Amino acid sequence: MADAAKSQDPIDIAVVGHTNAGKTSLLRTLTRQARFGEVADRPGTTRHVQAIELEVDGQTLVRYFDTPGLEDSVALQYHLKQLPETLTPPQRVRALLDGPEARGVFEQEAKVLRQMLAADAAIYVIDCREPLLPKHRSEIEVLNTCARPIMPVLNFVRSANSREGEWREALAGHGLHAAVLFDAVAPFVGAERQLYEDLSVLMRQHKTTLQTVLLDLERQAVERRAASAQRVADTLISAAAMRREIAPDTLADARAKAAFVQTFRDELVTSVRRCVHDVLQMHGFAPDDATLDVAPWTSDRWASDLFNPETLATVGRLLGKGAAAGAAVGFTLDLALAGLSLGAATALGAAIGGALSQGWGQAPRMLRNKLMGVEELTLDNSVLVLLADNLVHLCQVVQARGHAAQDTIALRIAPSSSYRQALLELLEPLQQARAHPQWEQRPGQPGDHSRRREALGHALAQKINALLDAAPHPPVV
Amino acid sequence: MEEVGALDDASEMAQAQSRQHSEQGRILERARLLARRLGLQADWERLQTGLWIAGGLLLVLAYLLAGGLLTRVLGSGQTVNAAFAFVAMLGVPSLALLVWVLWAFVSAFSREAQPWSLGQGMLSLAARIPGLRGPHTLTLMRGAHAMLREQRLGLWVFGAISHALWALAFGLVLVTLLLLFSFQAFQLTWETTILDARFFERFLQITGWLPGQLGFPVPSQVLVHAPPSAAGSQAIAWWLLASALLYGLLPRVVALLVCLAVWRQRSSRLTLDTRDPYFRRLVARFAAMAPAPVVDAEHAVPRAAGKGFRARAPGQGARTVLIAFELPDEFAGPPAELLALADHTHTIRGSMTERLALLGALAAEPGADALVLCSAAASPDRGAERFLRQICEQTASCALLPLALDAADTDNKPQRWADWLAASELTTVTFCATPEDARHWLETHRG
Chain A
373 MADAAKSQDP
383 IDIAVVGHTN
393 AGKTSLLRTL
403 TRQARFGEVA
413 DRPGTTRHVQ
423 AIELEVDGQT
433 LVRYFDTPGL
443 EDSVALQYHL
453 KQLPETLTPP
463 QRVRALLDGP
473 EARGVFEQEA
483 KVLRQMLAAD
493 AAIYVIDCRE
503 PLLPKHRSEI
513 EVLNTCARPI
523 MPVLNFVRSA
533 NSREGEWREA
543 LAGHGLHAAV
553 LFDAVAPFVG
563 AERQLYEDLS
573 VLMRQHKTTL
583 QTVLLDLERQ
593 AVERRAASAQ
603 RVADTLISAA
613 AMRREIAPDT
623 LADARAKAAF
633 VQTFRDELVT
643 SVRRCVHDVL
653 QMHGFAPDDA
663 TLDVAPWTSD
673 RWASDLFNPE
683 TLATVGRLLG
693 KGAAAGAAVG
703 FTLDLALAGL
713 SLGAATALGA
723 AIGGALSQGW
733 GQAPRMLRNK
743 LMGVEELTLD
753 NSVLVLLADN
763 LVHLCQVVQA
773 RGHAAQDTIA
783 LRIAPSSSYR
793 QALLELLEPL
803 QQARAHPQWE
813 QRPGQPGDHS
823 RRREALGHAL
833 AQKINALLDA
843 APHPPVV
Chain B
-16 MEEVGALDDA
-6 SEMAQAQSRQ
4 HSEQGRILER
14 ARLLARRLGL
24 QADWERLQTG
34 LWIAGGLLLV
44 LAYLLAGGLL
54 TRVLGSGQTV
64 NAAFAFVAML
74 GVPSLALLVW
84 VLWAFVSAFS
94 REAQPWSLGQ
104 GMLSLAARIP
114 GLRGPHTLTL
124 MRGAHAMLRE
134 QRLGLWVFGA
144 ISHALWALAF
154 GLVLVTLLLL
164 FSFQAFQLTW
174 ETTILDARFF
184 ERFLQITGWL
194 PGQLGFPVPS
204 QVLVHAPPSA
214 AGSQAIAWWL
224 LASALLYGLL
234 PRVVALLVCL
244 AVWRQRSSRL
254 TLDTRDPYFR
264 RLVARFAAMA
274 PAPVVDAEHA
284 VPRAAGKGFR
294 ARAPGQGART
304 VLIAFELPDE
314 FAGPPAELLA
324 LADHTHTIRG
334 SMTERLALLG
344 ALAAEPGADA
354 LVLCSAAASP
364 DRGAERFLRQ
374 ICEQTASCAL
384 LPLALDAADT
394 DNKPQRWADW
404 LAASELTTVT
414 FCATPEDARH
424 WLETHRG
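Note that the protein sequences, when read in sequence, are chains A and B. Numbered by our numbering, the letters in the first sequence go through residues 373 to 849 in order. Numbered by our numbering, the letters in the second sequence go through residues -16 to 430 in order.
For the record, the hints were derived by calculation from the structure and aren't laboratory data. Model, not experiment: these values are computed from the prediction. For glycine and all other residues, C-beta sits at the position ideal for the given N, C-alpha and C. Treat the hints with care, since some could be wrong.
[As the list claims (entries may be wrong)] Which bits of chain B does chain A cover? Going by a derived footprint, with three or more residues having C-beta under 8 Å, they are:
{"id": "1", "region": "65 to 78"}
{"id": "2", "region": "269 to 280"}
{"id": "3", "region": "351 to 365"}
[Said to hold, decoys possible] So the derived list for chain A, only partly shown, Cβ under 10 Å to chain B, looks like this:
{"id": "4", "residue": "GLU502"}
{"id": "5", "residue": "LEU504"}
{"id": "6", "residue": "ARG530"}
{"id": "7", "residue": "ASN533"}
[Unchecked claim] Simulated restraints on C-beta separations:
{"id": "8", "chain 1": "B", "residue 1": "ASP389", "chain 2": "A", "residue 2": "PRO521", "range": "32 to 38 Å"}
{"id": "9", "chain 1": "A", "residue 1": "HIS649", "chain 2": "B", "residue 2": "THR427", "range": "56 to 62 Å"}
{"id": "10", "chain 1": "A", "residue 1": "ALA619", "chain 2": "B", "residue 2": "GLN31", "range": "45 to 51 Å"}
Work out the full structure: start from the sequences and follow the hints.
Structure, rendered in structure tokens:
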């Protein structure tokens, strides 16, 4: 199959449609290039034809051509009709392209038609919020004149003003029966797959190549998913490992204590922010991507949520009984310390608990701190749970390439949900990290790559990967 | 490495992008280029030199372990017990081999265990040789270790190195023995103080079986406390040489070959972990760099210069025309306040026939003032531009009002029409942002 693909030229697909229908946005999604072309809410943003290639294993399999909009289709169709009737429709198009108007009033349209004739197939992007007008009918007819397989893509189907039915009827009336549903603002899970499957129905001769593309896309999706789970796991381990010694005199001074706590929180936020950035980058998104609802993450809104005493109390309650929750509830009474645990006693208890399971390496330090009155600040389980939920949510959003479910955390981890159970199971491996302050990944310092740290990271990543399924998915209309 | 801080890799990314075409190839190329710039490669070469030196040192160590004891035993110059010489020569190395085999078994079943062998010792020794340490040596070491661990290659790589060293050492021992036996007279006996003669018999029987099978001369009998004879010593010497070859060198060579085979096989499958977050980030960055060539560039569109408005013929009264252009089916009709001010109303959906009919009607009575209503939600296009231009040619003045069908709808973007109008050649067309503006415009033109 690889040999067959190698000997073939790439499949050329022209992406056509009315002005501002979202051709470039669709291509950005298909090629995962957030910076491709220029997208603006302004008619005729794309005025030239730009090629973009889809590579699999270094081999270009599909070549997309982003074309300008067909703006003056009514006049264009009229013009085509004026041409000699003895010509076949594609011959008429060629005659038009050779004629003076191709460099004159129909300069932009000529570009589209030229690509149509050169391509193996066309993707016809439709903004289905638009009412069906004569100009659109002309558009479909002009495209049909080129006698190329056409795959209509209905964009913005999730919009309240979607006229999907009307459009489907009109397309069927012109012999275009299959259509892929798409939404540049809230893309569907699997829309991409469907597009390639439908394309391979349209172009049977290229079926194997398109199948190769599909397999590669799936492989990449699986790999991206595993990689983001790994990244989240590393961040959680680093957060659980965070441990700061706080001297008795700092603790006595309210202002110094507040500053200390703030620094601690800021360090956590910085580390999580890097994780958010990396996850977005892995999925080919720019942090300011408009097609994706990642504002809650890129605008740092999560940061304020993370230490919100109310949210933490809710989470603490939902976490149920058990020593961890007890400690969380107990300490959140001190509002200044919401989300953090302080105290040699707790730490010592944890250390002994940890020592029993992980060896006595930490005990001497704990004992010394206890004797000298030094206390240690660590993160509560409730914060870790919130953080895990937040990042899992982000991973889901970037994978679905769509909007986030706007549920609150309380709803997501409701007592009966399986998601809550899975989230709680993350805490167990994370407790290991608590006893290893050196596992914290600090900026500007090489990380710890000990065998145990890596093993824990892999184990946790697998759990998170499984969690991505357990968690409530973004709504599918 | 980048944990400490991101590297400035823009030019390397670009070079790698152009040189290689697969994901793996590009990322490896980027690593190579960065390594060259940061001096990692120089460090790596230094580390290699270090490895050779360490290899030499460890070879000497192995030789001393295997052969040193033997030469001490032999070098005493007196009568030598053959069994003692045998143990001195093969004892420590055999023990080491046994430990390695045990470790190999254990680590085949668990990820955690790693045998310590001469190979590993060599790597850590190489990194510590003074004068050969570069700024990145430790990083390289850590990287090499992590890579070997990830790919479960460590056992075989280090095993191969260590077996190679041992095999070399045994080669040297053999040569030493040959030289000693050739040019010095040793009196090899089976002397003992407390042991039974049968013990040596059994010992010789077991150890001599394999050399005997392979055709080496083996002493036929054990003569305990017999006076050393030249023939007896010769037979024992041959037996010792055969033992060194078969029990010392041969197992090591076999183990070396096994390790090398596994190493070769595994390293041919050696690829980057495509599920690693860092790998995925780089892939995404490379993907974003894919060139998007312009295949059909934008030309300055030759604009058909509008002929401008058609002046009103003298004596003609001011008339206003209302044109609803490309409005959806739900559109109930122009607002009543505007209808009241218009002399004629045309509603067209935009087909060519409708357009031509309308233009005909306007041409029949030229010099009207036309207010064109369009949908605020629609996207302006050149079809609309052509239409407006044609209207202008037949009228004395023209205004455009983007009409919101549903005021609450966020798809309405009247400002888009205003910007478009300002950017187009149709600057003579008055833009009315609200029906109120349009009413005002109609009133002024009715006079």
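How the hints compare with the structure:
{"no.": "1", "hint": "65 to 78", "verdict": "violated (count 0)"}
{"no.": "2", "hint": "269 to 280", "verdict": "holds (count 9)"}
{"no.": "3", "hint": "351 to 365", "verdict": "holds (count 7)"}
{"no.": "4", "hint": "GLU502", "verdict": "holds (6 Å)"}
{"no.": "5", "hint": "LEU504", "verdict": "holds (8 Å)"}
{"no.": "6", "hint": "ARG530", "verdict": "violated (13 Å)"}
{"no.": "7", "hint": "ASN533", "verdict": "holds (6 Å)"}
{"no.": "8", "hint": "B:ASP389 / A:PRO521: 32 to 38 Å", "verdict": "holds (37 Å)"}
{"no.": "9", "hint": "A:HIS649 / B:THR427: 56 to 62 Å", "verdict": "holds (57 Å)"}
{"no.": "10", "hint": "A:ALA619 / B:GLN31: 45 to 51 Å", "verdict": "holds (49 Å)"}
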